[in-house]
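Student: Spelled out from the first residue to the last, the chains are:
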Amino acid sequence: MAPNSAVNRTRSATDLLAALPRLLPRVQKPGRYAGGELNQVVKDWESTPLRAALVFPDVYDLGMSNLGLAILYDILNRQPDMLAERVFSPWPDMDAALRAADLPLFGLESKHPLHAFDLIGISLPYETLYTNALTVLDLGGVPLLAADRGDYDPLVIAGGHATFNPEPMSDFIDAFVIGEGEDAILEVAQALLGWKSSGEPRSALLRRLAGLRGIYVPSLYRVTYTAEGMVDRIEPAAPEARMPVLKRIVPRLPPPLTRFIVPYVDVTHNRIPIEIQRGCTRGCRFCQAGMITRPVRERPVAEVVDAIEQGLAQTGYEEVGLLSLSSSDYDDILELVRQVSARFAGRHLNINLPSLRIESFSVELMDLLQGEASRSGFTLAPEAATERMREIINKPVSTEQVLTTAREIYRRGWHLIKLYFMIGHPSETLEDVQAIADLSRAVLAEGRKIIGSRAAVHAGVSTFIPKPHTPFQWVPCDSLESIRAKQALLKGALRGPGLKLSWTQPEETQLEAWLSRGDRRMGKVVLEAWRRGARFDAWQEHFNQGAWMQAFDAAGLVPEFYTHRERPIDETLPWDVLDAGVHKSFLTEDYLWSLQGRTRVDCRERCFACGILPKFAALRREHPGETWECPEVRSPARQVEVALEAR
Amino acid sequence: MTDQVRVRYRLRFHKTEAMRFTGHLDMHRALERTIRRSGLPLAYTRGFSPHPRLQLAAALPLGFVSRAEVADLWLEEPLAAQDVLSRLQVAAPPGMEFLEALVAPEHEPALQQQVTGAAYSVVLAGPPPADLDERVHSLLLAPSLLRQRRSKSYDLRPLILSLEYEGGGRLAMQLAAREGATGRPDEVIEALGLDPLSADIERTSLTYAVPSPG
Numbered sequence: 001m002a003p004n005s006a007v008n009r010t011r012s013a014t015d016l017l018a019a020l021p022r023l024l025p026r027v028q029k030p031g032r033y034a035g036g037e038l039n040q041v042v043k044d045w046e047s048t049p050l051r052a053a054l055v056f057p058d059v060y061d062l063g064m065s066n067l068g069l070a071i072l073y074d075i076l077n078r079q080p081d082m083l084a085e086r087v088f089s090p091w092p093d094m095d096a097a098l099r100a101a102d103l104p105l106f107g108l109e110s111k112h113p114l115h116a117f118d119l120i121g122i123s124l125p126y127e128t129l130y131t132n133a134l135t136v137l138d139l140g141g142v143p144l145l146a147a148d149r150g151d152y153d154p155l156v157i158a159g160g161h162a163t164f165n166p167e168p169m170s171d172f173i174d175a176f177v178i179g180e181g182e183d184a185i186l187e188v189a190q191a192l193l194g195w196k197s198s199g200e201p202r203s204a205l206l207r208r209l210a211g212l213r214g215i216y217v218p219s220l221y222r223v224t225y226t227a228e229g230m231v232d233r234i235e236p237a238a239p240e241a242r243m244p245v246l247k248r249i250v251p252r253l254p255p256p257l258t259r260f261i262v263p264y265v266d267v268t269h270n271r272i273p274i275e276i277q278r279g280c281t282r283g284c285r286f287c288q289a290g291m292i293t294r295p296v297r298e299r300p301v302a303e304v305v306d307a308i309e310q311g312l313a314q315t316g317y318e319e320v321g322l323l324s325l326s327s328s329d330y331d332d333i334l335e336l337v338r339q340v341s342a343r344f345a346g347r348h349l350n351i352n353l354p355s356l357r358i359e360s361f362s363v364e365l366m367d368l369l370q371g372e373a374s375r376s377g378f379t380l381a382p383e384a385a386t387e388r389m390r391e392i393i394n395k396p397v398s399t400e401q402v403l404t405t406a407r408e409i410y411r412r413g414w415h416l417i418k419l420y421f422m423i424g425h426p427s428e429t430l431e432d433v434q435a436i437a438d439l440s441r442a443v444l445a446e447g448r449k450i451i452g453s454r455a456a457v458h459a460g461v462s463t464f465i466p467k468p469h470t471p472f473q474w475v476p477c478d479s480l481e482s483i484r485a486k487q488a489l490l491k492g493a494l495r496g497p498g499l500k501l502s503w504t505q506p507e508e509t510q511l512e513a514w515l516s517r518g519d520r521r522m523g524k525v526v527l528e529a530w531r532r533g534a535r536f537d538a539w540q541e542h543f544n545q546g547a548w549m550q551a552f553d554a555a556g557l558v559p560e561f562y563t564h565r566e567r568p569i570d571e572t573l574p575w576d577v578l579d580a581g582v583h584k585s586f587l588t589e590d591y592l593w594s595l596q597g598r599t600r601v602d603c604r605e606r607c608f609a610c611g612i613l614p615k616f617a618a619l620r621r622e623h624p625g626e627t628w629e630c631p632e633v634r635s636p637a638r639q640v641e642v643a644l645e646a647r
Numbered sequence: 001m002t003d004q005v006r007v008r009y010r011l012r013f014h015k016t017e018a019m020r021f022t023g024h025l026d027m028h029r030a031l032e033r034t035i036r037r038s039g040l041p042l043a044y045t046r047g048f049s050p051h052p053r054l055q056l057a058a059a060l061p062l063g064f065v066s067r068a069e070v071a072d073l074w075l076e077e078p079l080a081a082q083d084v085l086s087r088l089q090v091a092a093p094p095g096m097e098f099l100e101a102l103v104a105p106e107h108e109p110a111l112q113q114q115v116t117g118a119a120y121s122v123v124l125a126g127p128p129p130a131d132l133d134e135r136v137h138s139l140l141l142a143p144s145l146l147r148q149r150r151s152k153s154y155d156l157r158p159l160i161l162s163l164e165y166e167g168g169g170r171l172a173m174q175l176a177a178r179e180g181a182t183g184r185p186d187e188v189i190e191a192l193g194l195d196p197l198s199a200d201i202e203r204t205s206l207t208y209a210v211p212s213p214g
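Taken in order, these protein sequences are the chains called R and W.
No gaps in the numbering here: position 443 of the first sequence is 443 in my numbering, and each next residue is one more.
No gaps in the numbering here: position 115 of the second sequence is 115 in my numbering, and each next residue is one more.
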């Protein structure tokens, strides 16, 4: 496989349609590349003015389980003048087969080459997809560097949680959509359509995009560095470029998607995903999602129940996932569970309600929801095993509460409890890690008392990464040696019948940390690592540590600078170009509180003025009442906001 | 068994190009989802993990199409077979074309046990070798054809009930399809010294032990 081989841009959809039937039988799982599934949308290529390719840069199996991509696909395809197709990462055998046959990567629906689309939207929910995104562009015949793209190349945009630090990918992406994409994707598409008919150069398109709310166009900002290598200043280089770029939110969650594409081959999640609530009021300090998805907005019970019914009729799935960051906090959770279990009982349906709080009520909810269905595992996420540590990370729950909940779970017929923990939290000691083993064993002992030797505990222990826009964004990562020692301790202590331990490879955690915390200069590292063969970094069997170390060398950068250095509170952070809606002063205060072991209650009980309300005051004013969990805004609108909305 | 009503229906359908790369297990799931979308009252087995009462007559390997797919399903209500058919046709995904639904006798053994053979039509993609006719003849004359599949050795020859070169790169064959003795058309093609991945393979019919249910 030659990573830098130029893709033949003369091959058309017709060539691909002719070649694929002979090529696909030669690769593993050809159903990943065939398209043609139930509910896919195929629109007429020639007569549709705007053609978008939605890219999830990992295999089909994962990409087809991603709700965000499905939502954007639906939104774009509903527009009469737009079409959207899906593109996923080819597995290395398919990558090689396409290159050998001199064929480009293509949209699954029409088989048009990627470079023939007007808009390429890349979903970047996690950082380990970055090299795959480069493979997709390269194999799709699209210039890798934004700076190399001309007036006839597609516009490449990206969004997703990882892009809350867009800088490491800013060499490759023309524009980032920061925050929720439901409204923003259409504004970008409209701007692109407008520009296409204008005859203006590409630079004009980029300026138009920078003028939209929530859009970050990296080429329109200048970043300078101090002598020590820290970011000195981030400055807009065009009048349209906003500083900072405030993330987008939808003021009210639109009705949930129910018309999902039903894959013909087995994928990661074979289910109807319905988001019952967006955002989280808990404020766990390690949790990036909890900070960047504020404010909390819920869907009404009736809307969720209707969506399940419609989803079942459209897909025939046997499973429904009711998704949120913290299901227990959904206001009407009991009512939702009652209605869902009453309505769908006897329909051979498996309904999941993940992310439940550690309390007996959660067990009652699952009991009610799952009825007679078989009970596999029950998941609890204490995240840390000592009360001291849980106070530092602001997930206060007592050990007794964990054990009480565990007893209730075993009593109600579950045999397996999955416990999720993290190691590497700030100020963590080996005692805190030993406590993970002790707590897991204590939970197992409760199970043994109730159901004997059938009781099992699986401890999933990942490693903490201080993520941008969280109260821990200034803290250093735990060192590789320390992580190894902690994992060795756990491997020794969590052995025996009924116990299972899983963990993340420290090198993979490190990569994710570099990419999460890097600045613009990391773009060179990403490119160099990709050129040296880094692919599918999220897949342990493909992860290539050597390529990354060489890439850092080639770029003249030191990895530890990004991950193992405590950053001063007043340092300009690479992601300060973005505003996630939460005041930096709030994050700072919360960080300082954590150092004192001081916790913060759920903000539904009391508003801590995190920043969401003043920044989205106009939206809240227009959508009062229970649409948001935040207090209402009663102050009159200020002039400046009116002006912004009118733009 | 409970006293609940269960009616057995037999379906005939085509598996066409859109589902060519759907394997046997995924085909089973696609059929189950089609029935669920149709709203037909599919029966499930009892017990701790109920599964749908649904049987495919004979597994069709990934990459093949078929105009001879047969499945049995059990419904919890007696419905007119025509009604069952039309509801499935509405709910079917691309690649699954339902042709017929009949009420099947409840006492019959499982479909898999009734099937004895399958016929395939093979069209070679490139120009066929000049001596293909001879290759077919010598294959048929061979007393045994020992081959390896998934590191197990077996004799392909007794599984070939008939094989004919029809000219124009087109082969027709009839292969045994009994439990534990199933011939694969791609193995026959390979035994002829050809590349099975450069051929379009279609199942054209199934044969059964008497009485013929299809």
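Since the hints were derived computationally from the structure, they do not count as laboratory data.
Among the clues, some could well be false.
[Unchecked claim] Chain R side only, calculated, beta carbon under 7 Å to chain W, not exhaustive:
hint, residue
1, 25
2, 27
3, 30
4, 345
5, 346
6, 350
[Unchecked claim] Facing chain R, a subset of chain W residues (Cβ under 10 Å, in silico):
hint, residue
7, 19
8, 32
9, 33
10, 35
11, 44
12, 62
13, 77
14, 80
15, 81
16, 91
17, 127
18, 200
19, 204
20, 205
21, 207
All C-beta atoms, glycine included, are put in the ideal place defined by N, C-alpha and C.
Student: Less than 10 Å between beta-carbons is the criterion; does residue 207 of chain W satisfy it with respect to chain R?
Tutor: violated, 27 Å
Student: Hold the hint about residue 200 of chain W up to the distance rule: shortest CB distance to chain R must be less than 10 Å.
Tutor: holds, 8 Å
Student: Should the hint that residue 35 of chain W touches chain R count as held when the rule is a Cβ pair under 10 Å?
Tutor: Given a least distance of 7 Å, the restraint on residue 35 of chain W holds.
Student: Does residue 32 of chain W meet its interface restraint, that is, does its C-beta lie within less than 10 Å of any C-beta in chain R?
Tutor: For residue 32 of chain W, the interface hint holds, since the closest Cβ of chain R sits about 7 Å away, which is under 10 Å.
Student: Answer holds if the nearest beta-carbon of chain R is closer than 10 Å to that of residue 62 of chain W; otherwise answer violated.
Tutor: holds, 7 Å
Student: Is the interface hint satisfied for residue 350 of chain R? The criterion is a beta-carbon contact with chain W at less than 7 Å.
Tutor: violated, 10 Å
Student: Holds or violated: is the Cβ of residue 44 of chain W closer than 10 Å to a Cβ in chain R?
Tutor: holds, 6 Å
Student: Go through the hint on residue 33 of chain W and say holds or violated, using the shortest Cβ distance to chain R against 10 Å.
Tutor: holds, 3 Å
Student: Against chain R, run the beta carbon of residue 91 of chain W and see if the smallest gap drops under 10 Å.
Tutor: holds, 7 Å
Student: Return the status of the interface hint for residue 205 of chain W: holds when the least beta-carbon distance to chain R is below 10 Å, violated otherwise.
Tutor: violated, 23 Å
Student: With 10 Å as the cut and Cβ atoms as the points, is residue 81 of chain W at the interface with chain R?
Tutor: violated, 21 Å
Student: Let me know if the C-beta of residue 19 of chain W comes in closer than 10 Å to any C-beta of chain R, holds or violated.
Tutor: holds, 6 Å
Consistency with the previously given hints fails for numbers 2, 4, 5, 6, 13, 14, 15, 17, 19, 20, 21, ordered from lowest to highest.
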